[in-house]
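**Q** Below are the chains, spelled out letter by letter.
There are 2 protein chains.
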Amino acid sequence: MMAFCPEIKVLDASIRDGGLCNNFRFTDDFVKSLYEANIAAGIDCMEFGYKSSKKMFNPDEFGKWKFCDEESIRAIVGDNPSPMKIAVMADAGRTDLDDILPKSESVIDLVRVACYIHQIPTALKMIDDAKAKGYQVSCNLMAVSQVRTEDLDAALQMMAKSAADIVYIVDSYGNYYPEQMAALACKYVDVIGAVGKEVGIHAHNNQQLAFANTIECCRWGVNYLDATVNGLGRGAGNCYSELLLGFLKNPKYDFLPLLEFVQHRILPLRAGGTLWGYDAPYMLTGLLNSHPRSAIRFLKEGRIDYARYFQELNDGE
Amino acid sequence: MMAFCPEIKVLDASIRDGGLCNNFRFTDDFVKSLYEANIAAGIDCMEFGYKSSKKMFNPDEFGKWKFCDEESIRAIVGDNPSPMKIAVMADAGRTDLDDILPKSESVIDLVRVACYIHQIPTALKMIDDAKAKGYQVSCNLMAVSQVRTEDLDAALQMMAKSAADIVYIVDSYGNYYPEQMAALACKYVDVIGAVGKEVGIHAHNNQQLAFANTIECCRWGVNYLDATVNGLGRGAGNCYSELLLGFLKNPKYDFLPLLEFVQHRILPLRAGGTLWGYDAPYMLTGLLNSHPRSAIRFLKEGRIDYARYFQELNDGE
Numbered sequence: 332m333m334a335f336c337p338e339i340k341v342l343d344a345s346i347r348d349g350g351l352c353n354n355f356r357f358t359d360d361f362v363k364s365l366y367e368a369n370i371a372a373g374i375d376c377m378e379f380g381y382k383s384s385k386k387m388f389n390p391d392e393f394g395k396w397k398f399c400d401e402e403s404i405r406a407i408v409g410d411n412p413s414p415m416k417i418a419v420m421a422d423a424g425r426t427d428l429d430d431i432l433p434k435s436e437s438v439i440d441l442v443r444v445a446c447y448i449h450q451i452p453t454a455l456k457m458i459d460d461a462k463a464k465g466y467q468v469s470c471n472l473m474a475v476s477q478v479r480t481e482d483l484d485a486a487l488q489m490m491a492k493s494a495a496d497i498v499y500i501v502d503s504y505g506n507y508y509p510e511q512m513a514a515l516a517c518k519y520v521d522v523i524g525a526v527g528k529e530v531g532i533h534a535h536n537n538q539q540l541a542f543a544n545t546i547e548c549c550r551w552g553v554n555y556l557d558a559t560v561n562g563l564g565r566g567a568g569n570c571y572s573e574l575l576l577g578f579l580k581n582p583k584y585d586f587l588p589l590l591e592f593v594q595h596r597i598l599p600l601r602a603g604g605t606l607w608g609y610d611a612p613y614m615l616t617g618l619l620n621s622h623p624r625s626a627i628r629f630l631k632e633g634r635i636d637y638a639r640y641f642q643e644l645n646d647g648e
Numbered sequence: 332m333m334a335f336c337p338e339i340k341v342l343d344a345s346i347r348d349g350g351l352c353n354n355f356r357f358t359d360d361f362v363k364s365l366y367e368a369n370i371a372a373g374i375d376c377m378e379f380g381y382k383s384s385k386k387m388f389n390p391d392e393f394g395k396w397k398f399c400d401e402e403s404i405r406a407i408v409g410d411n412p413s414p415m416k417i418a419v420m421a422d423a424g425r426t427d428l429d430d431i432l433p434k435s436e437s438v439i440d441l442v443r444v445a446c447y448i449h450q451i452p453t454a455l456k457m458i459d460d461a462k463a464k465g466y467q468v469s470c471n472l473m474a475v476s477q478v479r480t481e482d483l484d485a486a487l488q489m490m491a492k493s494a495a496d497i498v499y500i501v502d503s504y505g506n507y508y509p510e511q512m513a514a515l516a517c518k519y520v521d522v523i524g525a526v527g528k529e530v531g532i533h534a535h536n537n538q539q540l541a542f543a544n545t546i547e548c549c550r551w552g553v554n555y556l557d558a559t560v561n562g563l564g565r566g567a568g569n570c571y572s573e574l575l576l577g578f579l580k581n582p583k584y585d586f587l588p589l590l591e592f593v594q595h596r597i598l599p600l601r602a603g604g605t606l607w608g609y610d611a612p613y614m615l616t617g618l619l620n621s622h623p624r625s626a627i628r629f630l631k632e633g634r635i636d637y638a639r640y641f642q643e644l645n646d647g648e
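Which chain is which? The protein sequence lines are A and B, in order.
Quick note, the first sequence lines up with residues 332 to 648 if you use this note's numbering.
Quick note, the second sequence lines up with residues 332 to 648 if you use this note's numbering.
A couple of the hints might just be wrong.
If several chains are the same, the list does not tell them apart, and a pair holds so long as it fits within one copy or across any two.
To be verified - Think about it this way: if two alpha-carbon atoms lie no more than 35 angstroms apart in a straight line, the pair counts; the simulated DSBU-like pairs of lysine-lysine are:
1. LYS518 with LYS386
2. LYS580 with LYS631
3. LYS631 with LYS528
4. LYS631 with LYS518
5. LYS583 with LYS518
6. LYS340 with LYS518
7. LYS631 with LYS583
8. LYS363 with LYS631
9. LYS518 with LYS395
10. LYS580 with LYS518
Think of the hints as simulated: they come from the structure by calculation, not from any bench.
Turn these sequences into a full structure, and let the hints steer you where they fit.
**A** What follows is the structure, given as structure tokens:
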């Protein structure tokens with residue numbers, strides 16, 4: 332525990348996952364301040380949001396980080412003279428490939444293609460497209476805790492053969508315990524690492540295990556670690572960046588700029604009513620391996636009748 | 332992960348550790364309601380507070396659970412007709428042995444003797460006393476993360492030879508990562524388990540690892556698991572009972588009565604200003620392996636300048 336692993340990279344997903352809490356309505360000032368804090372903290376990559384299709388989603392109904400136009404990102408980072416890379420997420424079935432410019436025209440470095448298990452073929456096509464345009468590409472297979480083992484094994488083989496550089500374990504529902512996460516990490520690293528690709532982890536905090544699961548993955552060769560400042564993210568939120576940098580011993584990391592961001596930006600965001608973080612209803616959806624949407628609704632309605640909510644979850648919605 | 336370990340026992344420490352947040356000023360109604368919720372949840376043992384010396388602490392300055400007079404406990408539990416056992420904590424150097432009645436006159440089942448490393452001889456004397464009076468006895472060596480390895484090894488040998496039935500790993504400062512906790516659990520179980528005693532774990536949530544560390548310990552033969560409802564406890568608080576019961580597969584456990592207690596009792600307690608749970612300053616004391624007292628003061632003063640506080644911690648107080 333005194334050494335560090337130089338291969339490990341930390342990706343800040345605060346704006347993208349946090350955008351799910353406030354319809355991506357972060358001010359430029361907020362995003363710029365996080366960009367600067369992340370650079371000061373030594374974060375390796377910062378995700379700015381989704382590349383969502385404007386044919387499918389009305390730009391009037393969302394903040395700009397739902398779409399991540401090139402000029403929106405450049406308004407924050409210019410040509411990004413920093414060593415920190417820039418990522419966006421492209422959802423299978425919700426993205427216009429034409430919106431993804433050739434890398435030579437973009438400040439984006441990494442395109443993260445997110446999909447559910449039935450969308451793997453769509454995702455592979457998107458991965459090929461982004462790779463051909465010159466990007467580093469990841470494949471983020473979501474809700475893996477609901478994927479049947481034989482389907483996951485097949486998907487891992489397909490992702491191993493794909494053009495993706497990184498394949499992510501995504502515990503969308505915050506369902507896994509560390510012991511299970513270790514087994515999953517070994518499975519991914521076995522198949523994906525064998526072909527020279529990297530494995531990543533994106534954890535959720537439904538059972539207060541996002542940080543524990545993330546550092547458990549480190550032990551088994553998972554090198555891309557997603558985190559968000561103060562755990563900002565949908566529902567129970569994510570692995571806290573400040574905890575993760577406190578754990579990683581690489582001297583290039585410094586969590587103090589993130590704590591300053593918490594002080595100056597996160598506390599006002601929370602005070603303004605943006606809601607995230609561990610709470611009892613998220614534990615229940617995590618335990619039941621289900622989407623947090625009903626827990627989010629439960630809390631928005633001001634309900635606190637947890638036991639009754641658990642019965643509703645068991646009855647089906 | 333589909334089976335369960337019938338040897339595992341869960342001890343609720345909410346009133347004792349939570350009493351450190353409010354000077355033990357819980358109403359009888361609150362304690363009775365928790366007692367009933369714990370029984371309904373299948374909790375194996377409930378700790379009511381400290382047996383503190385009234386010569387050292389003025390009863391006018393604390394609630395009754397600082398002292399746990401026999402009649403205070405009986406006002407809640409009567410003769411305790413339930414299968415749930417009753418525990419109290421006796422701090423080395425802060426307890427009058429005369430306050431601990433013979434077991435035949437008491438509804439208490441388990442006396443938990445807490446000490447720091449330099450108090451081991453005092454603790455052993457207290458253990459002998461409680462054992463001779465007829466109680467089940469545990470030895471809770473606090474702040475083990477600050478104990479030198481050779482001292483811990485010597486202390487474990489002394490505790491192994493003592494009359495204690497259970498020896499607890501106590502991560503008072505929330506300093507350990509699960510990988511370190513696993514090594515510590517193996518060390519305790521090796522020495523303590525070899526002489527037919529049980530090992531327990533009492534974790535703190537400074538780095539959001541109380542639950543993760545507790546279930547990690549389960550894997551290595553630690554059978555007594557401390558938890559508190561909603562993590563109620565000093566500073567960053569403890570392992571959440573509701574998360575722990577959700578993890579343990581023993582059908583005798585049911586977390587729903589605890590969630591109802593959260594709804595009806597914990598939310599009003601929080602709303603009334605009692606403060607506990609993960610927050611940035613507790614992460615910092617956890618990382619630095621130090622007592623949370625300055626973090627508690629920081630938050631009570633309404634401070635949010637985390638980076639400056641970290642400098643203060645590094646400068647010494």
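**Q** Does each hint fit the structure? Answer for all of them.
**A** Structure-based check of each hint:
For the homomeric pair LYS518 and LYS386, neither the shortest alpha-carbon distance inside one copy (38 angstroms) nor that between copies (61 angstroms) is at most 35 angstroms. For a Cα distance limit of 35 angstroms, the shortest separation of LYS580 from LYS631 across copies, 31 angstroms, qualifies, whereas the shortest one inside one copy, 39 angstroms, does not. In the homo-oligomer, the alpha carbons of LYS631 and LYS528 never lie at most 35 angstroms apart, since the shortest distance is 41 angstroms inside one protomer and 48 angstroms across protomers. Taking the shortest alpha-carbon separations for LYS631 and LYS518, neither the intra-copy value of 38 angstroms nor the inter-copy value of 46 angstroms comes in at or below 35 angstroms.
With identical chains, the CA atoms of LYS583 and LYS518 are at most 35 angstroms apart both within one copy (30 angstroms) and between copies (34 angstroms). When the C-alpha separation of LYS340 and LYS518 is checked against a cutoff of 35 angstroms, the pair qualifies both within a copy, at 20 angstroms, and between copies, at 33 angstroms. Proximity of LYS631 and LYS583 under a CA criterion of 35 angstroms is satisfied inter-copy only: 33 angstroms between copies versus 40 angstroms inside one chain copy. For a Cα distance limit of 35 angstroms, the shortest separation of LYS363 from LYS631 qualifies both inside one copy, at 29 angstroms, and across copies, at 31 angstroms.
In this assembly of identical chains, LYS518 and LYS395 lie within 35 angstroms of each other by CA distance neither inside one copy nor across copies; the values are 37 angstroms within and 54 angstroms between. When the C-alpha separation of LYS580 and LYS518 is checked against a cutoff of 35 angstroms, the pair qualifies both within a copy, at 26 angstroms, and between copies, at 25 angstroms.
Hint violations for this structure: numbers 1, 3, 4, 9, all remaining hints satisfied.
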